[in-house]
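J.: Sequence:
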Amino acid sequence: MVKLESQRLYFRELESDDDEKLFELDSDQEVHKYLESAVINIDQCREAIKNIQNQYKLNGTGRMAVIIKETNEFIGWAGLKLEHNINGHESFYDIGYRFIKRYWGKGYATEATQFFINYGFNIMKIDKICAFVDKDNIASRKVLEKSGLKFIEMFKDDDNEEAWYEIFNPQ
180 MVKLESQRLY FRELESDDDE KLFELDSDQE VHKYLESAVI NIDQCREAIK NIQNQYKLNG
240 TGRMAVIIKE TNEFIGWAGL KLEHNINGHE SFYDIGYRFI KRYWGKGYAT EATQFFINYG
300 FNIMKIDKIC AFVDKDNIAS RKVLEKSGLK FIEMFKDDDN EEAWYEIFNP Q
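First residue of the sequence shown: 180, per my numbering; consecutive thereafter.
Careful, some of the hints might be misleading.
Stated by the list, open to error - Once the Cα atoms are required to be at most 30 Å apart in a straight line, the calculated DSS-like pairs of lysine-lysine come out as:
(1) Lys314 / Lys260
(2) Lys335 / Lys307
(3) Lys182 / Lys212
(4) Lys285 / Lys212
(5) Lys212 / Lys200
(6) Lys212 / Lys260
(7) Lys321 / Lys335
(8) Lys321 / Lys248
(9) Lys248 / Lys182
(10) Lys212 / Lys280
(11) Lys325 / Lys182
(12) Lys335 / Lys182
(13) Lys280 / Lys200
(14) Lys304 / Lys325
(15) Lys307 / Lys182
(16) Lys321 / Lys280
(17) Lys236 / Lys304
(18) Lys285 / Lys248
(19) Lys212 / Lys335
(20) Lys285 / Lys314
(21) Lys335 / Lys325
(22) Lys248 / Lys200
(23) Lys280 / Lys335
(24) Lys304 / Lys321
(25) Lys314 / Lys335
(26) Lys260 / Lys236
(27) Lys325 / Lys314
(28) Lys200 / Lys325
(29) Lys212 / Lys248
In short, the hints are calculated from the structure, not lab data.
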């Protein structure tokens, strides 16, 4: 297997013992400001980990734990996910990320996004990677744009106004 690492980070499959850190991430209301409501108990995180582990088996990819190389700290998740039936797209690879608040503003989201774009194009041989984000989530939109994704359009998803982004494999 290809070693999944960038300059400051490494990426691995989410494991059952990531539950407490995932709870720290997903129970924070500020992290979930532009998302569905935050989780209220750790069992929800345990179920999410099982679902993501199933995605690894079914699709060969899914969101990955993001770890700082220097300290071995779990700081969030990032990666590619096979999505279905969003914004008129039957099936597509979505790039996403979510980080524990104290790690915001350090460039980790951009570093992880750029890594997974490169991985998707060069290792997985994906033709196009998409992303969608709440229209008001300016920080996340900047990460996508800095990573090379282009804004395509606004669309409604469950009554939320979302911004749709795409990037095509240059090869």
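J.: All the hints need checking, so say for each whether the structure fits it.
T.: Taking the hints in turn, this is what the structure says about them:
Distance check on the hinted pair: Lys314 and Lys260 sit about 21 Å apart at the alpha-carbon level, within 30 Å; holds. Distance check on the hinted pair: Lys335 and Lys307 sit about 21 Å apart at the alpha-carbon level, within 30 Å; holds. A distance of roughly 33 Å separates the Cα atoms of Lys182 and Lys212; the hinted pair therefore is violated under the 30 Å criterion. Annotation: proposed proximity of Lys285 to Lys212 holds, straight-line Cα distance about 19 Å (limit 30 Å).
For the given pair, Lys212 sits about 19 Å from Lys200 by alpha-carbon distance, which is consistent with the 30 Å threshold. Pair hint Lys212 plus Lys260 holds up; C-alpha atoms about 21 Å apart against a cutoff of 30 Å. In summary, the hint linking Lys321 to Lys335 is supported, as the alpha carbons are separated by about 20 Å, within the 30 Å threshold. Taken as a hint, the Lys321 and Lys248 pair is honoured in the structure, with Cα atoms around 25 Å apart against an allowance of 30 Å.
With a C-alpha separation of about 13 Å, the suggested pair Lys248 and Lys182 falls inside the 30 Å cut-off, and the hint holds. A hinted pair counts as satisfied when its Cα atoms are at most 30 Å apart, and Lys212 with Lys280 qualifies at roughly 12 Å. The suggested pairing of Lys325 with Lys182 holds, with an alpha-carbon distance near 24 Å, which does not exceed 30 Å. Restraint check for Lys335 and Lys182: not satisfied, since their Cα atoms lie roughly 37 Å apart, outside the 30 Å limit.
The straight-line distance between the Cα atoms of Lys280 and Lys200 is roughly 12 Å, inside the 30 Å bound, and the hint therefore holds. Note on Lys304 and Lys325: the hinted pairing holds, with a Cα-Cα distance of about 22 Å set against a maximum of 30 Å. Annotation: proposed proximity of Lys307 to Lys182 holds, straight-line Cα distance about 22 Å (limit 30 Å). A distance of roughly 17 Å separates the Cα atoms of Lys321 and Lys280; the hinted pair therefore holds under the 30 Å criterion.
Simply put, Lys236 and Lys304 have alpha-carbon atoms about 18 Å apart, close enough for the 30 Å limit, and the pair holds. Between Lys285 and Lys248, the direct Cα distance comes to roughly 14 Å. Compliance with the 30 Å bound is thereby established for this hinted pair. Between Lys212 and Lys335 the CA atoms are separated by roughly 17 Å; this keeps the pair inside 30 Å, and the hint holds. A distance of roughly 22 Å separates the Cα atoms of Lys285 and Lys314; the hinted pair therefore holds under the 30 Å criterion.
Under the criterion of a C-alpha separation no larger than 30 Å, the hint pairing Lys335 with Lys325 is consistent with the structure, at around 24 Å. For the hint linking Lys248 to Lys200, the alpha-carbon distance of about 17 Å falls within 30 Å, and the restraint holds. Between the alpha carbons of Lys280 and Lys335 the distance comes to roughly 27 Å, so the proposed pair stays at or under 30 Å and holds. Using a Cα cut-off of 30 Å, the hinted pair Lys304 and Lys321 holds, with the two alpha carbons roughly 25 Å apart.
The suggested pairing of Lys314 with Lys335 holds, with an alpha-carbon distance near 10 Å, which does not exceed 30 Å. The suggested pairing of Lys260 with Lys236 holds, with an alpha-carbon distance near 12 Å, which does not exceed 30 Å. Between Lys325 and Lys314 the CA atoms are separated by roughly 16 Å; this keeps the pair inside 30 Å, and the hint holds. Distance hint between Lys200 and Lys325 is fulfilled; the C-alpha atoms sit about 27 Å from each other, no more than 30 Å.
Among the hinted pairs, Lys212 with Lys248 is consistent with the structure: their alpha-carbon atoms are about 28 Å apart, no more than 30 Å.
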